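Sequences and hints are given; from them, build the entire structure.
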Amino acid sequence: MAIGTLPTTAERARLPWRTRVREMLDRERVLGPLFITPALILIMLLVAYPFCVAVYFSVSNSFIGRPSHFIGLTNFIRLWDADAFRQTFQNAFVFTGISVAFKLVLGISLALLLNQQLWFKRMIRGAVLLPWVIPTALSTLGWWWMFNSLYSVVNWTGIAMGIMDPPGPNWLGQRYYAMAAVITVNIWRGLPFFAITILAGLVAIPKELYEAAQADGAGPGSRFWYVTLPMLKPVLAIVVLFSTIFTFSDFNIVYVLTHGGPINSTHLFATYSRMIGLESGRIGEGAAISLYLFPLLMFVVWAQLRFVRKQVF
Amino acid sequence: MTRLSRRQFVIGSTTGLAGILVTRTAPAVGQTREISYLCWNNFAPNSDKKLAEIGQRFTKDTGIKLKIDHISHMGPQQAKYASEVQTQAGHDLVEMRMHFPWLYEPQLVDVSDVVAGLEKQYGKAISSAYEGAYVKGVWRGVPQYHGMFVATYREDLFKKASLKVPDTWEDLYVVGKELKKMGNPVGIPISQNYDSISTAGPVLWSFGGMEVDKDGKTVRINSPATVQTIEWYQKMFRDCMEAEVLSWSDASNNESIQQGKAGWIHNPVSAYIVAKQRKLVTADGINHHRSLGGPHGRHETDTPRHIGIWKFSKNIDASKEWIRYLLGKREQYDEYIMAGDAFNLPAYEKLQDHPVLRSDPKYAALRGEGVQYHTYGWPAPPSDKVQLITNSWLLPNMIAKAVTGTPTKDAIAWAETEMKKIMAG
Amino acid sequence: MSRRTLRTKVLMHALLVPFLIFALFPFYHMLLTSLKQDRELYDRFAVPLIIKQGPTLEHYTKLLWETEFLTWTKNSLLVTILATGASVVIGTIAAYALSRLKFRGVNSFGTGIFVTYLVPTSLLFLPLAQVVNWIGLADSKWALVVTYPTFLVPFTTWLLMGYFRTVPKEVEECAMVDGATRIQALWRIVLPIAIPGLVCAVLFAFTLSWNEFIYALTFTSSSEQITASVGVTSELIRGDIYFWGELMAGAILGSVPIVILYVFFLDYYVSGLTAGAVK
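From first to last, the protein sequence lines stand for chains A, B and C.
Residue numbers for the first sequence, in the working numbering: 1 to 313.
Residue numbers for the second sequence, in the working numbering: 314 to 738.
Residue numbers for the third sequence, in the working numbering: 739 to 1017.
Honestly, the hints are just simulated from the structure, not real lab data.
Honestly, I wouldn't trust all of these hints.
Computed from the model, here is a short list of chain C residues facing chain B with C-beta under 7 Å [stated by the list, open to error]:
hint: 1; residue: Q775
hint: 2; residue: D776
hint: 3; residue: S959
hint: 4; residue: S972
hint: 5; residue: R976
hint: 6; residue: G977
hint: 7; residue: Y980
Below, a list of computed lysine-lysine pairs in the DSSO-like style, where the Cα atoms sit at most 27 Å apart [stated by the list, open to error]:
hint: 8; chain 1: A; residue 1: K207; chain 2: C; residue 2: K747
hint: 9; chain 1: C; residue 1: K790; chain 2: B; residue 2: K589
hint: 10; chain 1: C; residue 1: K812; chain 2: B; residue 2: K378
hint: 11; chain 1: C; residue 1: K747; chain 2: B; residue 2: K574
hint: 12; chain 1: B; residue 1: K380; chain 2: C; residue 2: K800
hint: 13; chain 1: C; residue 1: K812; chain 2: B; residue 2: K380
hint: 14; chain 1: B; residue 1: K592; chain 2: C; residue 2: K800
hint: 15; chain 1: B; residue 1: K362; chain 2: C; residue 2: K800
The model shown is predicted, which means the values in this text are computed figures rather than measured ones.
Cβ atoms here follow ideal geometry from the backbone N, Cα and C, with glycine treated the same way.
So this is what it looks like as structure tokens:
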């Protein structure tokens, strides 16, 4: 059999099955679906199916160890009666809004700095990226100790520098301070992602644009506003959209730092859903709470597909 | 890859898979009986070591293999029990606390026979054990030990200022005023944690009040006793404590007295024991005294622990044997308790004056003469709704509102509404 | 270098200092705390920025010998290595199919993979807990091996798609004209060229898997089955006693594998991050 020429039908019938299989695998129409099948099965069984189960739970009165019954949208509506849930809802938006805003501004600033000709460039980049790489649950433990009511190094420093009165705020025990604390940790953890990604975007901006702007008499401020920012828009869009969904659905930081307290003032959908669904056994309500993440997820997906997909796919 | 090795690979992996599937379904026929026991990470790590030792002795003496697993308490424990119940598979024996025997009543074996045997030896089980594990006339868990709250104070500071050791909550107010002036205020948390409820409960009970009545249905928080409780807290907050107690965690009162700040706290022995272990400066000055009383008696919070057996266990008899082995032999039970260094005290009446209390003179107050010990939510039986009232921190939140400006009537009304909502389901 | 350029350079570096302190101080403090003696650690009036009374390794020894820390680390390693291996394999072939092959549904599947990556684990953990119970893997690290690929595969697929696109089609076509099958072309030609991408995918999968917390917290509970993150955050607190020295030691040791990878493969981390956004 000549290599590279397809056998005729008659010849094909006489071929051993191994060769026939090998041939089939050469066809895109067969190999393609075959190659995506494992991923597809994984997603169907462990993402799509659980998602449907979540929806089923949310419209039932599921409770640990007891049979469940369909109750329609009761869970979703009754949640609004609970002080804790309304607080969680507000927390999620406050937490995400403030965190992402800070990460964006600080991220752009840091990226601009990193874009300069620096000494120790590699070490600095490494240091900056470190918070993002270290497991969040473990690094949050460090922050927990830093905010501890009796031994807080933050308070100690503040008192030593004269900007705080002793004994300093009880960060994790008071409403707004606790929120400030979790936001701080989130910014600390997420800033590297913004900075490094935006840096890549900055590097990709052609130098000619800057030179042209300079020739036109634009100062550094105008160059930033009229050249850098517009060219960064796609990267910023991606980074902000990703960060929004991951910040909104964050679990690790709040769980380790405050467990949702004090008095639910730092609960997010993820932590509250876990408290109600797993620790109190009310699976139906827990699922309903976590499904409140869905509308935002849909929005982010839509926005990503609409504005970003063109570049990725 | 040659054809041969590919075939070998396929055959090998299928056999491997089959092997895994086969071994998952353990053979029901087994010569050696095997049981597994899930318990929590004890506060006293030595207690866990001693338990493992006793477990090995058990295997040697009876031939029954025993596997002891540990889990950290609270969150993971609840989730773990829930999943064992759901899948009807897991351990044979499980440690029970709080309202678990009530919550999982349909899944737990009736162990009244084991308890009857122990009661014959050691006297009746203590009242809080009855409250926790005696569900509708049947024992669903075997009481093993308990850890109660007790008044912990800086004896050296009291002596220096010639302060009288308080006997009632009212006495505490008198003494507390002086303590605050000295810079060592009273430290009772008013925040969302168990320590807060563990104090608010006894105060409320000693004024004759309650959250839910013993019928387990009627909300009784709106009563003159509650008003008295709130008024007591308000004056304590104003004259004897500092505002930081509103944001304390379970560990804060420990740390405060260990660090030399608080002069009086309400806590189990952990505060003193840790100070001793870490050789802190305050360790010598800390001591305990008997729980405080009020017009309606001397009540205190207790956390009894029991051992339960899941109904789905295939080795119920062997499991009961283990419980009888661990708790039934006096010397062994004593050994187990001694290893706990007063964190775990025996749960039977005749054993109340236990040698472990004599290992350190500062444990004397743990004898608790004349003190009635209760679980959270007393006098209502600990159903999951009553436990949800506890877990929603309604009592501390009500008090927090009242001490920070909300009129007493409104705070009580709020608590009543929330509790009624929970009881209505 | 002119004086003005030098001044600007120094200014740039000075502006970076706050960012660097912000990023690195928590690690410094954690390390310091883990080496402090209990006596100094729990002293309200001690200086938290330095060790005055001499360092000690007792927290590390207590952590390693008196807790199950080594078991937890073993679990983390097992879960991470298996999940990473499986995910990179599945992701590689899926990425190849999506970036190279034409077949029915390729576009919708591509979008589907992308969407799956965005579904947060905090939405799925509750029903997945029930699914894991139903298939008998409750409280077992195998539950993690099975569920981690759900977020690792979309990410690695997406990452590798970008890398595969940089391999010119002609190279493959040459090989196939010479008689190689598609699979042989993939194995012998495309993959070697895409090795940087594969390294990146492995690194990120490893990091994301080691970092994962909510599934680990939910699907495992016994001291023997939990991973390092879960173990350190839940078992070093007994009731109202916090073992801060051991907590910090555990946090440091639990991050060691990642730090090792990070130090050796820093550039891959950076390029992987940017590949996600810019490619």
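Structure-based check of each hint:
A distance limit of 7 Å between C-beta atoms decides the matter here; for Q775/C the minimum to chain B is near 10 Å, and the interface restraint is violated. Against a cut-off of 7 Å between C-beta atoms, the interface hint on D776/C holds, since the closest Cβ of chain B lies about 5 Å away. Restraint check, S959/C versus chain B: the minimum CB separation of about 4 Å is within 7 Å; hint holds. A distance limit of 7 Å between C-beta atoms decides the matter here; for S972/C the minimum to chain B is near 4 Å, and the interface restraint holds.
The closest approach between the C-beta of R976/C and any C-beta of chain B is roughly 5 Å, which is under the 7 Å cut-off, so the hint is satisfied. Interface hint at G977/C: satisfied, since its Cβ lies 5 Å from the closest Cβ of chain B, which is below the 7 Å cut-off. For Y980/C, the shortest C-beta to C-beta distance to chain B is roughly 5 Å, which falls under 7 Å, so the interface hint holds. Taking the CA atoms of K207/A and K747/C, the gap is about 20 Å. The hint holds against a cut of 27 Å.
Taking the CA atoms of K790/C and K589/B, the gap is about 22 Å. The hint holds against a cut of 27 Å. A C-alpha spacing of about 25 Å is found between K812/C and K378/B, which places the hinted pair at or below 27 Å, so the restraint holds. Simply put, K747/C and K574/B have alpha-carbon atoms about 50 Å apart, too far for the 27 Å limit, and the pair is violated. Distance restraint check for K380/B and K800/C: the Cα-Cα separation of roughly 24 Å lies within the 27 Å cut-off, and the hinted pair is therefore satisfied.
For a cut-off of 27 Å, the pair hint linking K812/C to K380/B stands: about 20 Å separates their Cα positions. For a cut-off of 27 Å, the pair hint linking K592/B to K800/C stands: about 17 Å separates their Cα positions. Taking the CA atoms of K362/B and K800/C, the gap is near 15 Å; set against the 27 Å cutoff, the hint holds.
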